[in-house]
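J.: Here is how the chains run, residue by residue.
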Amino acid sequence: MALPELIAELRRVLSPDRVLHAPSELAAYDCDAYTVVRRRPTAVVFPHDPAEVSAVVTQCAQRRVPLIPRGAGTGLAGGCVPIDGAVVLMLTRLNRILEINLRDRWALVEAGVPNLQLARALAGTGYHYAPDPSSQGASTIGGNVATNAGGPHTLKYGVTVNHVLGLEVVLGDGSVRRFGPVAGAGAPDISGLIVGSEGRMGIVTKAWVRLTPNPHEFRTFRAIYGDVESATRTVSRIIAAGIIPAAMELMDRGIIGAVEDAYHFGFSREAEAVLIIEIDGPPPGLDRQQAQILELCAQCGAQEVLAAADPAMRDALWKCRKMAVGAVGRLSPSYFIQDGVVPRTQLPHILRRIAEVAAANRVRIVNVAHAGDGNVHPIILYDDADPEQLRRALRAGEELLLECIACGGSVTAEHGIGIEKREFMSRQYAAADLKAMQRTAEVFDPFEILNPGKLLPDRTAGAGAGRPNE
Amino acid sequence: MCFDHDYESPSPNPAAGIARETLRRCIHCGLCTSSCPTFTELGDENDGPRGRIQLMRQVAEGSLPLTGRVREHLELCLDCRACETACPSGVEYGRIVEPFRTAMLAADRRWEQRFDWFRELILLRLFPYPERLRVMLGPVRMSQRWGLFDIVRRLGLLKLLPERLARMTELLPDPAPGTPRLPRFSPAVGRKRARVALFVGCVADVMFRHVHWATIRVLQHNGCDVFVPRGQGCCGAIHLHCGDALGARRLADQNLVAFELDRYDAIVVNHGGCGAMLREYGVHWRDGLQPHRKKFAAKVVDVHEFIEQLGMTLPAGRIDAAVTYHDSCHLAHAQRVTAAPRQMLARVPGLKMIDLPESLLCCGSAGTYNLVQPEMADRLGRRKVENILRTGASAVLAANAGCMLQIAAELRKAGAQLPVLHPMELLDLAYRELPWPPDSRATAGRTNGNTSPPRLIR
Ligand SMILES: Cc1cc2nc3c(=O)[nH]c(=O)nc-3n(C[C@H](O)[C@H](O)[C@H](O)COP(=O)(O)OP(=O)(O)OC[C@H]3O[C@@H](n4cnc5c(N)ncnc54)[C@H](O)[C@@H]3O)c2cc1C
Ligand code: SF4
Ligand code: SF4
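Chains as they are written, first to last, in this note's numbering: chain A, 4 to 473; chain B, 166 to 623.
The set of hints was computed from the structure by calculation and includes no laboratory data. Some hints here could point you the wrong way.
Unchecked claim - One side only, chain B facing chain A, incomplete, derived with CB under 7 Å: (1) Arg189; (2) Arg190; (3) Ile192; (4) His193; (5) Gly195; (6) Glu210; (7) Asn211; (8) Thr232; (9) Leu239.
Here the structure is a predicted model, which is why all the values come from computation and not from measurement. Every residue, glycine too, gets a C-beta built ideally from N, C-alpha and C.
Taking the hints into account, I'd like the entire structure generated from these sequences.
T.: Structure, rendered in structure tokens:
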């Protein structure tokens, strides 16, 4: 690879100050929020617009140098790890909200806009953008699209793919394409294919996203349990009763301690589990649902159920839940988080298994879960200064994911495959299916330069790319 | 092949004094990035909190040399500590970057490699000393009063001064009539509820003495006996941030002597930057005086927070205006005071508060940052002013001298005629039932009644 020439070209098509290549400046790009695998990129570039993105792609394509799109780098599966000497392409400077169209209920935003920036821009309009990943304060719309991000409220409102109406994408040959009818006449309606492709089928530069009218009213409850099983039973019973809450979230004792240290909400540190349940809609229906939910919580053994008294308290409760994962630094110097899904009825089983696996591998695991979706997030704690601990932690993680598959679930719901779980793809899909996915990706990325080695267990990736750091 | 020059500095490991656990607390989640002004502007991890922590951590561990590039990224940090507020894991970013930079700069001073006349003469020798600053400002004030300054400013003659001096002059507020010395004592109005000492600082006392006057009157209206102990001086923040830990300690110890702790219920501070520094006296130096400094720090409280806790007396006057409030970083992030000033203002009859978008994003002033990192400071200043103007407010309030200077200067550059006030100034008008918009003369040099010190009963 002719790297010095590539760097010189990149400096020419952008500007010298928008190409980092001094080793000391590359260190900060060696991983995202998944810190188990770290590699040094060749360069980091900061294009300002789709044309510049296209110019960078063209340069890399000519030399077959892999290119990794990166937004806020909050990914939890190592999707941004620059394996094989990749160039990292930052989308953070494409950060404008271009249009908010309330009449037709969509917004056009550039890929690098943080999710929360859009939420703030919509405040007071009566509309919102529904996908609300816990990382929304930092993570970008482009990253959300690339990982098909979910959040607490996806239980009722669906994940990112349900809210993307159109995309502007730079493909692996440098061409800029638009998909989805809203993106213009003749734009094929295949944005759904790009959503969740983790940067392998193109670099998203703009997204037309759906705006959802705000619900008339919220009711938010916090239920406290003396054991995890009663909490998960409540979840199944509520769904079985035909209620679809807006959100139904679980935190266990381990994580509650960290959250309480961070935000002093007033959770009891003695509680084994907390459920946060939210319902929304027009008030008459809510009263009936509320009565039903309170009844079910009591039947399942909730020790206490508290309704948020006002919007401030609701906000505080959600802050606790959304910041929970970020608070694990209070428990341990390092962590990684699994993203397993099981059928809701299997929730009690999988949480029991998590505890067993933790004990067997002598690691500490704390839990948050989008319980209503059967999406568990066991957070595996370890000390990165101790390689032996890391090995045990990785083994525990692997055992848990295999258990999810065995339960009829999947190894990821929303965080994506990245580099972390690509070996699991062949356990979940038949070879022919993987081949088909691979060939689909090649249509969009003919030179195989877009984030190769992620998502699919394909041949381009360097051997041992997923190996932890020494 | 290498395109850029990236040099290594010979300084000893600047992370030597930072606890390993403090550095290792960061779990690299990235949730802080979007709160960071420099990351928001540049989108580069190296200019965001997570990246900077990683840089410092790697330097600490010896796996990364402290190159010129690394230094630049660390120097570009505003130390606004928005990332601390954002971090759910409780990473004490200030306690990493401050000692690191102090050590980095101290090493420069020792080697005199990067001897910087501006830092040495102006920032360290002039700024923190109210008397020197007053003398220096004398001629400037004269020319301001005669309108010369305006002509000079308009003709762009300032450009002829060395750049950073010119910036400093640009920051100067519009001429206010000479404000009399603060009284040593001002008695409570009505039922006496507390006894407080007011911290007056350096720049704040020279350029914003009228704010101190207003603060005293507001405290009086809230039942406080207000003392202004003589012998107090600069809080030491400028020295510390310029790498002069020793100079900062001297100033701190001068304040320890000036404030007799047992005499007061609280040491009240009205500027966010000074308050943050005073509240951290207990952590910066480890020596025999540390316990005393901790005791001092525990008595320090922001004036808004103090009055809120005391229970604010409702003002009698009315102010029919729509205003917006900017959060000073060292009040909002370092001291976590965001609600108290807003709650106080909201109680002023007639006053309408408009939310300021990106209120928590630094305005670019950041102590002396404005003078040493002009480009980023300007970008952030412009961004702040755009947000302010978008609110349509008729005044902007901020509780920090640096922010007030910076915002006023940027408003001037944008050709906007918006007054920049301290919340205490507005509250003072309301208590005294004075008309809005404010007349600067009305706020100067008067307290409520008797100003002779009371008999001391110990
Ligand atoms: C504390 C914490 C909580 C989290 N909570 C949630 C949650 O509730 N729900 C959830 O779904 N996720 C969650 N995540 C994971 C992460 O935030 C999401 O995956 C998010 O969508 C990533 O956005 P980003 O901008 O950080 O993307 P990055 O991390 O920068 O990138 C993620 C992947 O997308 C690719 N990519 C990024 N931008 C583009 C683009 N413009 N075009 C093409 N490809 C691109 C990257 O190559 C990479 O493969 C959480 C993460 C953290 C640290
Ligand atoms: S400082 Fe805090 S928020 Fe930022 S990356 Fe580290 S742990 Fe996460
Ligand atoms: S202190 Fe401010 S400028 Fe520095 S890293 Fe934190 S948020 Fe960014």
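J.: Give a verdict on every hint.
T.: Against the structure, the hints:
no. : hint   : in the structure
1   : Arg189 : holds, 4 Å
2   : Arg190 : holds, 5 Å
3   : Ile192 : holds, 4 Å
4   : His193 : holds, 5 Å
5   : Gly195 : holds, 4 Å
6   : Glu210 : holds, 4 Å
7   : Asn211 : holds, 5 Å
8   : Thr232 : holds, 5 Å
9   : Leu239 : violated, 11 Å
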